[in-house]
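Each protein sequence line maps, in turn, to chains A and B.
Numbers 29 to 140, taken from the numbering used here, label the letters of the first sequence in order.
Numbers 254 to 367, taken from the numbering used here, label the letters of the second sequence in order.
What the hints contain is simulated information worked out from the structure, not anything from laboratory work.
All values derive from a computational prediction rather than experimental measurement.
Just so you know, not all the hints are guaranteed correct.
As the list claims (entries may be wrong) - To give a feel for the contact side, a few chain B residues facing chain A, derived at Cβ under 7 Å:
(1) Thr291
(2) Gly295
(3) Leu296
(4) Phe298
(5) Gly351
(6) Ser352
(7) Glu355
(8) Phe358
(9) Pro360
Idealized CB from N, CA, C, for every residue including glycine.
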Amino acid sequence: SQQGEEDPQALSIQEGENATMNCSYKTSINNLQWYRQNSGRGLVHLILIRSNEREKHSGRLRVTLDTSKKSSSLLITASRAADTASYFCATDNAGNNRKLIWGLGTSLAVNP
Amino acid sequence: KAGVTQTPRYLIKTRGQQVTLSCSPISGHRSVSWYQQTPGQGLQFLFEYFSETQRNKGNFPGRFSGRQFSNSRSEMNVSTLELGDSALYLCASSLQAGSDYEQYFGPGTRLTVT
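With the hints as extra help, turn the sequences into a complete structure.
This is how it looks when you write it as structure tokens:
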């Protein structure tokens, strides 16, 4: 069963626009991670945000976390064609069994 | 540093056969995790090894097994293959065990069972 669920399932935008994708999860977490997967570079880590953090930035990426709503969002600003990929959130749970559980991903297409 | 390597990259097997996949983590990384990725189920956690010990296990049948060697290299084995085992198998390494560390993924092994 999925802990995290990304929304939307698919997103198509023009180069230069911003892209926002969301992740909702079910149980309390220690941290949440975002990854990107494309055919060229495989699955790559983007950002890890801990449960006591509300926002993190990395270059053109901004991640927010709202533990009261059990949700996170990933914003990509000024998107480029190279951002075309699937984006996944992965969460652990706050218990002892701290394996990562993954959503099914958001497929982002950035059109030149 | 060299990245995570997985061998073989592609594999075609017949139902009932067994298969062994190999993963070499990034130098210095002691934790290796395995995942199965399919279009319908996404990434499913198989198991995690740290210092040659299985630290965590997903909800897969006993046909799926793994091990880790003293040099942190890991292998996973699937016995009595079924058609539903066709998937991309990903290996990831991290500095330590658990979910507090980012994972570095290999390119995967594409397994096709006919």
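Taking each numbered hint in turn, which are not upheld by the structure, reported in ascending numerical order? 1
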